[in-house]
Amino acid sequence: MSKECAAIILRNTIPQKQFSIAVAVVAVCAVISLFIGVSNVTPALLLSRTEDSHTLQVLLVSRIPRTLAILLAGGSMAVVGMIMQLLARNNFVEPSTAGTVEAATLGLLAVAIVAPGIPLMGKMLVASLFALAGTVLFLRILRMVPLRSVLVAPLIGIMLGGVIGAVTTFFAYRLDLLQSLNAWMTGSFAGVLRGRYELLWLSLVMMVVAYITADRFTVAGMGQDFTTNLGMNYNQVWALGLIIVALVTSVVVVTVGMIPFLGLVVPNIVRTIFGDNMRRSVPWVVVFGAGFMLICDIIGRTLRYPYEIPVGVVVGVVGSVLFLYLLLRKDAHVA
Amino acid sequence: MSLEIASRIVAAPRTVVLSRPLKRMLILGVLVAIVVVLFMTLNARGNWGFVLRFRGVKIAAMALVAYAIAVSTVLFQTASNNRILSPSIMGFDALYVLIQTMLIFVLGAQRAVAIHPQVRFLAEVFIMVAFAGLLYRWLFGKSRRSLHLLILVGIIFGVLFRSATSMMQRMIDPNEFSVLQDLLFASFNSFDRQLLLLSALLIGGASLAAWRIAHTFDVLALGRETAINLGVDYQRTVSVILVVVTIMVAVSTALVGPVTFFGLLVANLAYLLIGTHKHRWILPCAVALALIFLIGGQLIVERIFAFNTSLSIIVEFFGGIMFIVLLIRGIAR
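Chains as they are written, first to last, in my numbering: chain E, 1 to 335; chain X, 1 to 333.
For the record, the hints were derived by calculation from the structure and aren't laboratory data. The structure presented is a predicted model; accordingly, all values stated were derived computationally and were not measured. Some hints could be false.
Sample of chain X residues lacking proximity to chain E, with all beta carbon distances greater than 12 angstroms (derived) [stated by the list, open to error]:
{"id": "1", "residue": "F50"}
{"id": "2", "residue": "L107"}
{"id": "3", "residue": "R111"}
{"id": "4", "residue": "V119"}
{"id": "5", "residue": "A123"}
{"id": "6", "residue": "L134"}
{"id": "7", "residue": "A221"}
{"id": "8", "residue": "L269"}
Partner residues are not named here, just some residues of chain E that face chain X (Cβ under 8 angstroms, in silico) [unchecked claim]:
{"id": "9", "residue": "M144"}
{"id": "10", "residue": "L151"}
{"id": "11", "residue": "V152"}
{"id": "12", "residue": "I158"}
{"id": "13", "residue": "V167"}
{"id": "14", "residue": "T169"}
{"id": "15", "residue": "Y173"}
{"id": "16", "residue": "T302"}
{"id": "17", "residue": "L303"}
{"id": "18", "residue": "P306"}
{"id": "19", "residue": "V313"}
{"id": "20", "residue": "V321"}
{"id": "21", "residue": "L328"}
We treat Cβ as the ideally placed atom computed from N, Cα and C, and that holds for glycine.
Using the sequences and the hints given, assemble the complete structure.
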């Protein structure tokens, strides 16, 4: 597709004004996020150009990486959720309701036991292999179930996650790795510093790939017969989707930890506004996801200042309340 | 071949005397006795008086928990007319832990510790009954919701309660948090001995309340419409059951902490094993199975794994698998 063509589609499908407002809101939050923390960093201090380079140092090493990590993780997790929902044709599926996250964690544990010394990239790749296997297992099981209700899929996924989690805990308990396990299980940006988050840029690449191939996922979301009818290779779309899901999930788990329900809540909210066209909604999903994560992290950082509540916990509370709302509102199960 | 048939005919009158449920119950009873004896005597060294008392208290606590979990799950499944829900899947025990934390959060750790543990326990149980009553009344209330929705909502409520708990724990001053951890940390190896007698009394009271409406259980299991048709005061009976279930869950969670799938495992195995729908058989069978698994499991964890694992992890593993199998088989319709 040529650039012009893409530009036209962009212009026609995204209400420009609202979108710029949304982006502006997230940008403002991001700037606020730069100036929250124990170490005193204020715009005034930065501009005063004193010899003290400490402030700038904190900003460059800690605050900016952290804010970037939040935006990247939030946006990509939301996009991944949307892809999974289209592929499984089920609005209640996302990495943490499909055993994907738990499988990635098991992969990390396996690395920590077998080859603790390998670089982060290697750990991430092993984790994504496990995540891939976990997701495929989930889809296999799903095929065996008499599908009477859309709610069966998340139920099975959560239970599968529990079973994989039990295996992980069993080995972690025996090998004294419970502490690292806890770090992977609760997402937190507290440990994000320059040099320890760069892997997350991979999720930006994945977001771009998802946007370019968005139409394929939209079509795949209409079923195998329909997709084949349009002359597309259904299995190829599936494989691509699963790889994106596994990579992004494991990158986020490795660098930040588990973030529950974000990939479920954000796409569903966007869907109620824009419908199922993925290309049209991807930018919104990214912005909403990034904004959601950012606000949750700001809450976590300010609620008990100077201590910090991990973002995974805050998202757990806010996300499950929103999930409950999605489930219990009146016409939730038409999907 | 003919010999076999002949022997069967000869044996037939005897099997009539002992019905299938009774026979199975007797076997289970013997198994319970075996695990109890094994637990009390295996690897015992030194002063017998001390060993027996030490292990006796432990077994009493486990028996109480086994009884509470088994009975509460079976009754909950009867009241909600299905075989896949259990109080802990619906987030009951997560709610209890949340209430424990909330109490300390509101009062402050120092003041919370100053309260007599038994008084605090009673207060927690009371708040729990009130809160759970309201919440699940609303969930199971007027509009008929699908079972899948109920389970999923219950699970998400569990996640919400757990997240809220850990959020509150982190809001508490880190110095006070260590106090809280001591209060909240419960497992089969470190339950609160002071609470044992009070727990037994509470469970006894709840059992008595259940006993008084026990004649309606079999009818209730037929479903709401049928039960009402047959003259059961549905609303009242279900409310009583919910209160009984809530008390039992609170007690077992206070003693050993949450064990998500244990009740589900035990109840479904009981249905499978006993082959009748009558509660006079299912309830004791579930309790016996719970005793065998809990005491036997603890025996294995303590003596074979040498405490290097936790029973609840193993239960989680098998319980989760069974839950998925139940879903695949379409038992949850």
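Hint check against the structure, violated hint numbers in rising order: 16, 18
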